[in-house]
Each structure stands twice: as structure tokens, then as C-alpha cells.
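Note that the protein sequences, when read in sequence, are chains A and B. Numbering-wise (this note's numbering), the first sequence opens with residue 14 and increments by one. Numbering-wise (this note's numbering), the second sequence opens with residue 14 and increments by one.
Read the hints as simulated data drawn from the structure, not as lab findings. Please note: incorrect hints may appear among the correct ones.
Same chains, same label: a pair holds when it works inside one copy or across any pair of copies.
[What the hints assert, rightly or not] Within a straight-line C-alpha distance of at most 20 Å, the following computed SDA-like cross-link-like pairs (lysine to any residue) qualify:
| id | residue 1 | residue 2 |
| --- | --- | --- |
| 1 | 243 | 123 |
| 2 | 203 | 173 |
| 3 | 203 | 177 |
| 4 | 32 | 228 |
| 5 | 243 | 130 |
| 6 | 243 | 129 |
| 7 | 280 | 207 |
| 8 | 280 | 236 |
| 9 | 243 | 69 |
| 10 | 32 | 183 |
| 11 | 203 | 130 |
| 12 | 243 | 64 |
| 13 | 32 | 208 |
| 14 | 280 | 46 |
| 15 | 243 | 127 |
| 16 | 243 | 166 |
| 17 | 203 | 59 |
| 18 | 243 | 226 |
2 protein chains.
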Amino acid sequence: MTTPLVDFSRLCIHTMTTKPWTLEETIDGYTRAGVPAITVWRQHLEPYGPDEAGRMLRDSGLRVVSLCRGGFFPATNAAAREEARNDNRRAIDEAAAIGAPLVVLVCGAIPGMDLADGRQQILDGIAAVLPHAQAAGVKLAIEPLHPMYADSRSAVNTLEQANNMVAALRSPWLGVTVDVYHLWWDPMLKSEIARAADSIFSFHVCDWRTPTRDILNDRGMMGEGCINIKRIRGWVEDAGFRGPIEVEIFSNEFWDWDQTRLVERIKQAYLSAV
Amino acid sequence: MTTPLVDFSRLCIHTMTTKPWTLEETIDGYTRAGVPAITVWRQHLEPYGPDEAGRMLRDSGLRVVSLCRGGFFPATNAAAREEARNDNRRAIDEAAAIGAPLVVLVCGAIPGMDLADGRQQILDGIAAVLPHAQAAGVKLAIEPLHPMYADSRSAVNTLEQANNMVAALRSPWLGVTVDVYHLWWDPMLKSEIARAADSIFSFHVCDWRTPTRDILNDRGMMGEGCINIKRIRGWVEDAGFRGPIEVEIFSNEFWDWDQTRLVERIKQAYLSAV
């Protein structure tokens with residue numbers, strides 16, 4: 014049995030979950046609500062710049078869990094691939110500047126590109142930026158995305174593929190992100206989580222709504238969908254993971270809410286359904 | 014290299030592709046267009062009943078490739094599971110009545126039911142109806158569905174799972190359906206198609222649109238999406254499959270078209286992109 018969560022010490026929220034808020038409003042909202050940790054998306058960082066954002070975050074006392082997102086390595090020509098790698102190097106520098114120990118990689122896909130080619134370009138791209146990550150003291154996590162995003166967002170669609178890439182590149186600076194939304198359906202999930210072991214660098218939660226009204230922005234609040242989040246958390250913890258539990262919900266519905274009320278709803282769902 | 018298709022001898026269209034048409038209009042439309050084969054959905058059969066529909070289909074000269082769809086085995090209580098099995102037995106009888114040698118199984122899922130339980134209920138359900146299929150001379154094909162349907166439509170989401178079920182039940186009356194829409198993303202697809210070999214009972218084509226505007230009814234015309242259909246057809250043929258190529262497109266967009274024009278569009282796309 015998974016041990017129940019009884020306080021908010023491991024709770025982290027992604028700035029994209031409360032997308033309408035600026036970073037300043039987010040920091041204020043999370044600290045007021047007693048949320049101890051934050052994952053910052055680059056679009057929320059951009060208006061401030063990494064130095065100013067880093068100062069705000071340090072002053073807030075919030076723990077910065079990760080920067081989202083790097084990745085998007087495949088491209089149709091070498092110049093574009095090099096630009097993608099440089100953008101990942103910039104993301105690593107931004108992470109270092111805001112005190113984030115991790116950059117999460119949404120690996121990318123080009124519609125119509127052969128998936129095997131895309132996957133090779135991803136592996137090559139990660140290999141190329143890993144030295145920069147190590148030099149900056151920032152880890153990278155491959156986040157496998159649901160197969161419904163294999164066309165344009167990520168050609169890495171199972172934890173097995175991500176684990177294979179980690180095994181191929183053999184670096185303590187490279188691991189995986191387990192996101193229940195992307196992986197819950199996979200019959201190999203339990204064994205691949207066990208295999209990932211201490212290369213599980215982060216853990217994301219939300220839920221799968223039935224019906225799903227939008228392929229991108231209709232993720233559910235934990236407990237309102239069909240994912241057995243507690244069980245997957247148990248597998249992740251059995252594998253050794255004890256880090257933050259990150260609430261990442263892309264939802265047109267919740268973005269329309271008062272975001273302070275949304276954070277309270279998240280805290281409630283976190284205790285009951287995670 | 015996959016051998017180009019130069020005529021329509023292997024073309025089959027699903028009645029759901031031209032959903033606005035009645036079965037009578039469908040038979041008329043396909044024969045006028047020189048489409049030699051049809052897969053019949055039960056909702057198009059229902060207004061006529063299997064005997065009358067069987068007479069109409071025999072009179073038309075169309076080859077009946079399969080009946081869609083059986084399945085939906087998981088249920089929350091034993092009585093409902095038995096009713097699901099009885100409904101599959103009725104589908105088998107309907108297939109026999111219309112001269113369809115195959116019933117395609119969309120295996121089912123109950124939102125929130127443990128996936129392992131659902132998968133076991135599917136295996137048990139298929140095992141329970143297989144004797145009826147054999148007695149009727151009708152084969153059954155497990156169609157793995159895309160993981161985005163794992164919540165409510167099918168807990169069988171990879172060809173590997175379907176192949177494992179076929180291996181477990183060891184009957185010449187049980188095989189698999191390869192549908193490019195559901196399976197194109199899978200890094201194991203090529204090897205699992207080879208493994209399926211002569212248990213590949215049918216092959217469905219359409220395409221994956223970017224962006225996908227609706228999770229159910231926005232499938233693309235062959236060639237307008239990102240799936241390398243020719244390559245997957247090559248794998249299926251390398252595995253020994255030489256049967257009909259079935260066009261199954263659920264599309265709010267195409268259902269709004271004049272359906273005669275849609276059939277002509279399908280013929281064009283079939284020669285160029287399949």
C-alpha cells in the first residue's frame with residue numbers, strides 16, 4: 014500500500030498549471046497557500062529574465078524543482094538541429110540562474126519525419142548538450158509523452174524508450190520524468206519504473222478525463238479521472254524516488270477559474286487522490 | 014520497397030467511413046464507384062436486420078470483409094459481463110448471416126477499472142465466445158486501440174498485448190487487426206507485425222492529422238497526415254498478409270462532404286498514399 018500523503022511537504026505546482034498568473038503572482042499565490050515548491054516554465058520566466066526571476070524565487074523561499082522545458086531536438090536540417098541544441102544550452106543556463114537542479118526534456122517530433130530518425134536525432138541531441146548540463150551542475154530528464162503526441166511533440170512515447178536512452182548515454186546527469194498522464198496506460202509501466210530506479214528525476218501528476226474534450230488542454234484534476242495515481246506513486250517510491258510530487262495540469266477549464274481557488278482545489282485533491 | 018497499388022482489387026471501405034449513408038445507399042455508392050469490398054458496422058446493419066442485409070449484400074456482389082464490431086468485454090459485475098459475451102455471440106451470428114468471415118473486436122475498458130483487471134476480463138471474454146465463433150465459422154480479430162482510448166474503449170493498446178492474447182488462447186479462429194492509426198507510433202510495431210504473421214486477419218488504414226481536433230472523429234485521409242502507411246503495409250505484407258486494405262476514417266469533416274465525392278477522394282488517396 015502506498016503511504017497516504019498527510020501534509021504538503023512534497024507538493025510542487027507547475028507555473029503552467031496556473032498559467033494566467035505572472036511569475037510574481039504565482040510566487041505570491043503559492044507562498045500564501047503554503048505550497049513549498051515550484052516548477053517554472055520558460056514562458057513565465059521570459060518577461061523577467063533568469064537573473065531577476067532567480068532573485069524573486071530565492072527571496073520567496075520556494076524550492077525550485079525544475080525548469081520546463083528543453084527538448085525539441087529533431088529538425089529537418091543541421092542548422093536547425095544546432096539551433097535546437099543551443100536553445101537547450103540556454104535552458105540549462107536559465108535553470109542554473111534560477112536555482113533549478115533539473116531541466117525536463119519534451120524531446121520533440123516533426124510531423125511526417127520517420128520516427129526512427131526522430132528518435133536518433135533526439136539521442137544525438139541529448140548527447141550533444143549533456144556536457145553543458147554537467148558543467149552547469151544541472152540534470153536533464155527525458156519525459157516520455159503520450160503516444161497521441163508522437164506526431165509533433167515527442168517521438169519518445171514510452172518509459173522503456175526513455176530508459177533505453179538513459180542506458181545508452183550512461184551519465185549521472187541524465188534521467189527520466191514519470192508523468193502519470195503520459196504513461197498510465199502502458200502495460201510495461203510497473204517494470205519500467207522499477208528499471209528506471211534512481212534515474213527517476215521527477216514525478217508529475219494530474220488525471221485523465223473521460224471524455225477528453227481537447228487533446229492538449231483538458232487534463233483532469235487528480236481524482237476526477239481514471240488514473241490510479243496512488244498506485245503509480247507507490248511504484249515510483251518502491252523504485253526509490255522520494256522527491257517532490259509535481260502537479261502539472263493543462264486545462265482550459267481550470268485556467269478559467271480564479272487561480273487562488275484552483276490552488277486550494279489542488280491541495281485538496283493532492284491529499285485525497287495522490 | 015512496398016509494391017505500389019495500381020488498381021482497386023484490394024480496396025475495402027467501412028460503412029462508418031461513409032456514415033451518413035444507409036446500408037442501401039452505401040452498397041449503391043460503393044458498387045457505382047467500383048469499390049469491390051465492404052466492412053459493415055452493426056449500426057448500419059440494424060435497421061435492416063441481418064437476413065435482409067445479407068440478401069442485399071449477396072445481391073450486390075460486394076465482398077463482405079468483416080463485421081465491426083464486437084468486444085467491450087469488461088464490466089463491473091458478472092451479469093453485465095455475461096450480457097457482453099452474449100452480445101458478442103449475436104455479433105458472430107450477424108456476421109455469419111451477412112457472409113462476413115470476421116468480427117473485429119474493440120475490446121472495451123471501464124473508466125477507473127484497474128487496467129490489469131480489464132485486460133484479464135477481455136481475455137476471459139474472448140475465451141468464452143471463441144467456441145461460438147468456431148461453430149459459426151467466423152473468425153475474431155483483436156484490434157489494439159491507440160492508448161488515448163485506454164480509458165473507455167480498449168485496454169488493449171499495443172500489438173504486443175494483442176499478440177500475447179492470441180498466443181495465450183491458441184486458436185486458428187483468433188487473430189489481430191493492424192490499424193495504422195492506432196499503432197503507427199509504437200517503436201515495437203515492425204517486430205510485432207512480424208511476430209503476428211498469419212494471425213493478421215485484417216488491415217485498416219487512415220492517417221493522423223496534425224493537429225488532431227477531436228479525439229474520436231478527426232482521422233485523416235491517407236496522405237494528409239504523418240503516418241508512413243506504405244511502410245507499414247510493407248511490414249504487414251512481409252508478414253504474409255495479402256488481404257483487403259480497409260479504409261476506416263471517422264471524421265466529422267468528411268461526414269459533412271457529399272459521400273460520393275468522398276469515395277472518389279478515397280480512391281485517389283488509396284493509389285497515392287497507401
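Results for each hint:
no.	hint	verdict
1	243 - 123	between (34 Å within a copy, 18 Å between copies)
2	203 - 173	both (11 Å within a copy, 16 Å between copies)
3	203 - 177	both (16 Å within a copy, 18 Å between copies)
4	32 - 228	within (18 Å within a copy, 24 Å between copies)
5	243 - 130	between (36 Å within a copy, 17 Å between copies)
6	243 - 129	between (34 Å within a copy, 15 Å between copies)
7	280 - 207	neither (28 Å within a copy, 48 Å between copies)
8	280 - 236	within (12 Å within a copy, 46 Å between copies)
9	243 - 69	neither (34 Å within a copy, 54 Å between copies)
10	32 - 183	neither (35 Å within a copy, 52 Å between copies)
11	203 - 130	between (28 Å within a copy, 15 Å between copies)
12	243 - 64	neither (37 Å within a copy, 51 Å between copies)
13	32 - 208	neither (34 Å within a copy, 46 Å between copies)
14	280 - 46	within (9 Å within a copy, 60 Å between copies)
15	243 - 127	between (36 Å within a copy, 12 Å between copies)
16	243 - 166	neither (27 Å within a copy, 23 Å between copies)
17	203 - 59	neither (37 Å within a copy, 43 Å between copies)
18	243 - 226	neither (24 Å within a copy, 31 Å between copies)
Checked against the numbered hints above, the structure violates hints 7, 9, 10, 12, 13, 16, 17 and 18; every other hint is satisfied.
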